[in-house]
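One-letter residues, chain by chain:
Number of protein chains: 2
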Amino acid sequence: MRFNPKRWARAATRCAAALLACAAIAPAVAHQVDTNAPLTLKDEGSFFVGGRDLASDTLSTLPQADPNGTVTVEQMYVQYQIPAHAKAPSLVLIHGCCLTGATWETTPDGRMGWAQYFARSGYPVYVIDQAGRGRSAANAVSIGGVRSGRLPPDALPAGFFVGREFAWTLFRFGPKYPQAYPGMQFPLEAQQQFWKQMVPDWAYSMGTPNPTVPSLGQLAARLKKTVLVSHSQSGIYPFQTLASGASGVAAIVAVEPTACPAATGDVSVYTRVPVLLLYGDFIAQSAWAPRYAACRSFADAVNQAGGHVDVVSTTDLGMHGNTHMMMQDRNNLEIADFITGWVGRNVH
Amino acid sequence: MRFNPKRWARAATRCAAALLACAAIAPAVAHQVDTNAPLTLKDEGSFFVGGRDLASDTLSTLPQADPNGTVTVEQMYVQYQIPAHAKAPSLVLIHGCCLTGATWETTPDGRMGWAQYFARSGYPVYVIDQAGRGRSAANAVSIGGVRSGRLPPDALPAGFFVGREFAWTLFRFGPKYPQAYPGMQFPLEAQQQFWKQMVPDWAYSMGTPNPTVPSLGQLAARLKKTVLVSHSQSGIYPFQTLASGASGVAAIVAVEPTACPAATGDVSVYTRVPVLLLYGDFIAQSAWAPRYAACRSFADAVNQAGGHVDVVSTTDLGMHGNTHMMMQDRNNLEIADFITGWVGRNVH
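If you're matching them up, the sequences are chains E and F in order. If you're matching positions, the first sequence starts at 1 in this note's numbering and goes up one per residue. If you're matching positions, the second sequence starts at 1 in this note's numbering and goes up one per residue.
Some clues are possibly wrong.
Stated by the list, open to error - What the simulated footprint calls covered on chain F by chain E, stretch by stretch (three residues with Cβ under 8 Å from a Cβ of chain E suffice, anywhere in the stretch; the number is not a length): (1) 111–120; (2) 153–160; (3) 227–240; (4) 247–258; (5) 266–273; (6) 310–318.
Said to hold, decoys possible - Listed next, with one range per pair, are the computed distances between beta-carbon atoms: (7) F:Ser247 / E:Ala262: 38 to 48 Å; (8) E:Ala263 / F:Lys176: 40 to 50 Å; (9) F:Ala221 / E:His308: 17 to 27 Å.
What the hints assert, rightly or not - Some but not every residue of chain E turned toward chain F, in silico, with C-beta under 7 Å: (10) Val33; (11) Ala37; (12) Ala65; (13) Thr70; (14) Ile143; (15) Glu165; (16) Val199; (17) Pro290; (18) Tyr292; (19) Trp342.
These are computed hints drawn from the structure, not numbers from a lab. As the structure is a prediction and not an experimental result, all values here were calculated from the model. Glycine included, C-beta positions come from ideal geometry on N, C-alpha and C.
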C-alpha cells in the first residue's frame, strides 16, 4: 500500500487520542524503580529523639529488680536508611493507630513496602515508632503502681487496643468483618501477618500534642529538608509540628489523616509548605466520609489563603479498591510512585 | 655490611617471636570489613513468627473503640537483611532484658552496630524483638480489665522496668552508679541515648519457656542453618530451642548469658552444635561471677559428654574494659570480628 500522508495523519491522531485516554484511566503498571537490583546504602541505623527522665518508686514489681530509679519515657525511635546516591528531601514515615514502623516494611504477603521502595527511589528514609509504642518505650510506671496497690486502677493508661473485627471496618477491608469490598486490594490471604503488626496504643493517654510532635520537630530541624509522611491517627502530627514553628519541614503527605487542622480561623501557617492529602477507595460508604469532608474544607481554606493543598484519591489516578492500609495494598508501589512524583514536582 | 646468614637467622627468630608475642596480646585494631564502602543488600524486610489469637472483652477502655474483639499476642517480630553476596549460616540476633532489637543497631554514640557489621561481613542477619516487647505486641488485655474494674490489680503483669541506677551495675559500667570502672569501654558520654533504648520488660510474666523460644524454633527451621546469638536474659532461649528439637540451629553464641542449662543431668542434646560463651571484663567483682561459674560448669559437662563449648573472655583476646553491652562498646567491631572468625572456624 502506498504511503498516504492524510490517512497517516488521521490514524496518528486517533492513535494519540487513544493513548492519552488510556494513560488517563489506566493504572501505572510498571514501577519506576527496579525492585530486583541490589539495594545500595551509604548508611543505616537508628537513634532516639526527645524523651524525658522520670524518677519513680514503682518501676519493677519483681523481687530481682529495684522498684526505685530513673527511666526515660516519651522518646521517639528513628530507624533510617541513606541510599548510596541520595537526593533531597528525606522522607519521614509516621505510622498510625495501633501499629508501629513495621507498617512501612514488607507487606503482610511478603512484597516490598514503601520504606525500602522510597530508599530505592533515592530518598533518605526515616521510619519512626511513635512515643510509647514499638521500640519507643511505653511508660509502665503506673502499672507497677497499681499492681503494688499504691495507685488506684484508674491511674492506668486508657488503651486503644484494637481487635481485628473493629480494625476490619476502620481499615476498610470491607463493610463488616469478615466481608470484603469487591475488588478490594489488601492482601487478605495474609491477614494473620497483618494482625500480628498491631500493638496496644496509648496515644490517647499521652496528652495533646502527643510527645511524638515535638520529637518530629527536632527530627525535621536535624534533617533540614524533609517530607513528613503520616498515616491515619498520626495525620494531625505533621500539621502540629509545622504550627509549632519547626524548621526543616519541606512538605506534608498525609495518607488518610484521621483529622486535619480546623478549616476555620487562621490557617496561614499551613500555606508555608505544599501538602498532599491522599485517599483510597470506598470512602463514601465508610466512617472516613466525614473525616474526608473536614479535611477537604481544610484544604479549601488553605488554598484560599494562598497555600497549596492537593486532595487526591487513588480513584482519580485510575486505581481502584485501595484501602486505608494502601501502603500494603497490592498496588502499593504504584501509589509510592505517585507520591515520589508529587514530591519531585512540589518540593524544590 | 655483608650479609651474615647466622646473624640474620638469629634476628629473624627474635623478630618472629616478638611478632607472635604481640599478636597474642594486642587487640585486633583493623576491622576485617570496610565500613566505609556502600552496604549492598539483596533484600531486607520484616515478618512475624508465632503468636496466638486471644478473644477478649477488655481490649479498649476508650469510647471510640470496641472493648470486644480478637487480638494476636506473643508473636515475635523479625527484621532481616540479606547481603547481595550472602554466605551461610545466617545469624539471629536476640536482645536481652529490658531492651529491643535496637541493641544491635547504631551504638549510643553513633558508631556501627553488630547488625549492619555482620551484614557487611556477608551474613544474612535476622534481628528479633522478643515476644511482648518492641514491635512484638505486649498483651494489654489485663490492663483494660483492671482499669475497668473487672479484674483485680494483681492480674496486671509483673514488670521488669529497670532504672538506670540498677542497670548501671547490671551492665557493668561501674561498681555503682555513677562510678565507672577504669578503662571501661562503654561510650558513657552518650548514655542518654542508651537509656532511651530501655523498655518495660514483661518476660518474667510470660511463662516458661518464654513464647520467644518456640518462635525461635520456627525461625531456625525456616532459615535451615542459622546461628542463634543471644544476649544476657535471652541466653537460655537458644538452649531451650535446641532442646525442643528444633531443626536449623547450626551453632549458639551466647553473649554473657544470665543462665545456662543445668550442668547436672543429661546434657547430650547440647553436644549437637558448637557453642561459644563470650564474656567481657570486670566479671569477678560483679553479680556475673556466679552466673559465669555456673555456665563454666555447664560448658565442662557438655565438653565431657563429647560436645564443643568454648568459653572465652574478651580479656583472653587481649581486649580490656568490655562491659555487659559489649556490642556497643568502643571496640565492638573487633569483638564482632572474633565472633565471625569463630563461626567461620566452627560452622561447616
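Structure-based check of each hint:
1. Residues of the region 111–120 of chain F lying with their CB closer than 8 Å to a CB of chain E number 3, which satisfies the three-residue condition for coverage.
2. Counting residues of the region 153–160 of chain F whose CB lies closer than 8 Å to any CB of chain E gives 7, so the stated coverage by that chain holds, three being the minimum.
3. Counting residues of the region 227–240 of chain F whose beta-carbon sits less than 8 Å from any beta-carbon of chain E gives 0, not enough to reach three: the coverage restraint is violated.
4. Residue count for the region 247–258 of chain F with a Cβ under 8 Å from a Cβ of chain E: 0. That is fewer than the three needed, and the coverage hint is violated.
5. With 0 residues bearing a CB less than 8 Å from a CB of chain E, the region 266–273 of chain F misses the requirement of three and the coverage assertion fails.
6. Evaluation of the coverage hint for the region 310–318 of chain F: breached, as 0 residues show C-beta separations to chain E shorter than 8 Å, against a requirement of three.
7. A beta carbon spacing of about 59 Å between Ser247 (chain F) and Ala262 (chain E) contradicts the range 38 to 48 Å that was offered as a hint.
8. Here the CB-CB span from Ala263 (chain E) to Lys176 (chain F) is close to 58 Å, at odds with the stated 40 to 50 Å.
9. Separated by about 53 Å at the C-beta atoms, Ala221 (chain F) and His308 (chain E) break the suggested range of 17 to 27 Å.
10. The interface hint given for Val33 (chain E) is broken, as the beta carbon of that residue sits about 14 Å from the closest beta carbon of chain F, more than 7 Å.
11. Against a cut-off of 7 Å between C-beta atoms, the interface hint on Ala37 (chain E) is violated, since the closest Cβ of chain F lies about 10 Å away.
12. At its closest, the beta carbon of Ala65 (chain E) sits 5 Å from a beta carbon of chain F; the interface hint therefore holds under the 7 Å criterion.
13. Taking 7 Å as the C-beta contact cut-off toward chain F, the hint placing Thr70 (chain E) at the interface holds, the least distance being around 5 Å.
14. Interface restraint check: Ile143 (chain E) against chain F, minimum CB-CB distance 6 Å, threshold 7 Å, status holds.
15. With a cut of 7 Å, the hint placing Glu165 (chain E) at the interface with chain F holds, because the nearest CB-to-CB distance is about 5 Å.
16. With 7 Å as the threshold, the beta carbon of Val199 (chain E) comes within range of chain F, its nearest partner Cβ sitting at about 4 Å, so the hint holds.
17. About 14 Å separates the beta-carbon of Pro290 (chain E) from the nearest beta-carbon of chain F, more than 7 Å, and the hint is not met.
18. Because the smallest distance between the Cβ of Tyr292 (chain E) and any Cβ of chain F comes to about 18 Å, over 7 Å, the interface hint for this residue is violated.
19. Below 7 Å, beta-carbon pairs count as interface contacts, and Trp342 (chain E) has none with chain F, the closest being about 25 Å; its hint is therefore violated.
In summary, the numbered hints that this structure violates are 3, 4, 5, 6, 7, 8, 9, 10, 11, 17, 18, 19.
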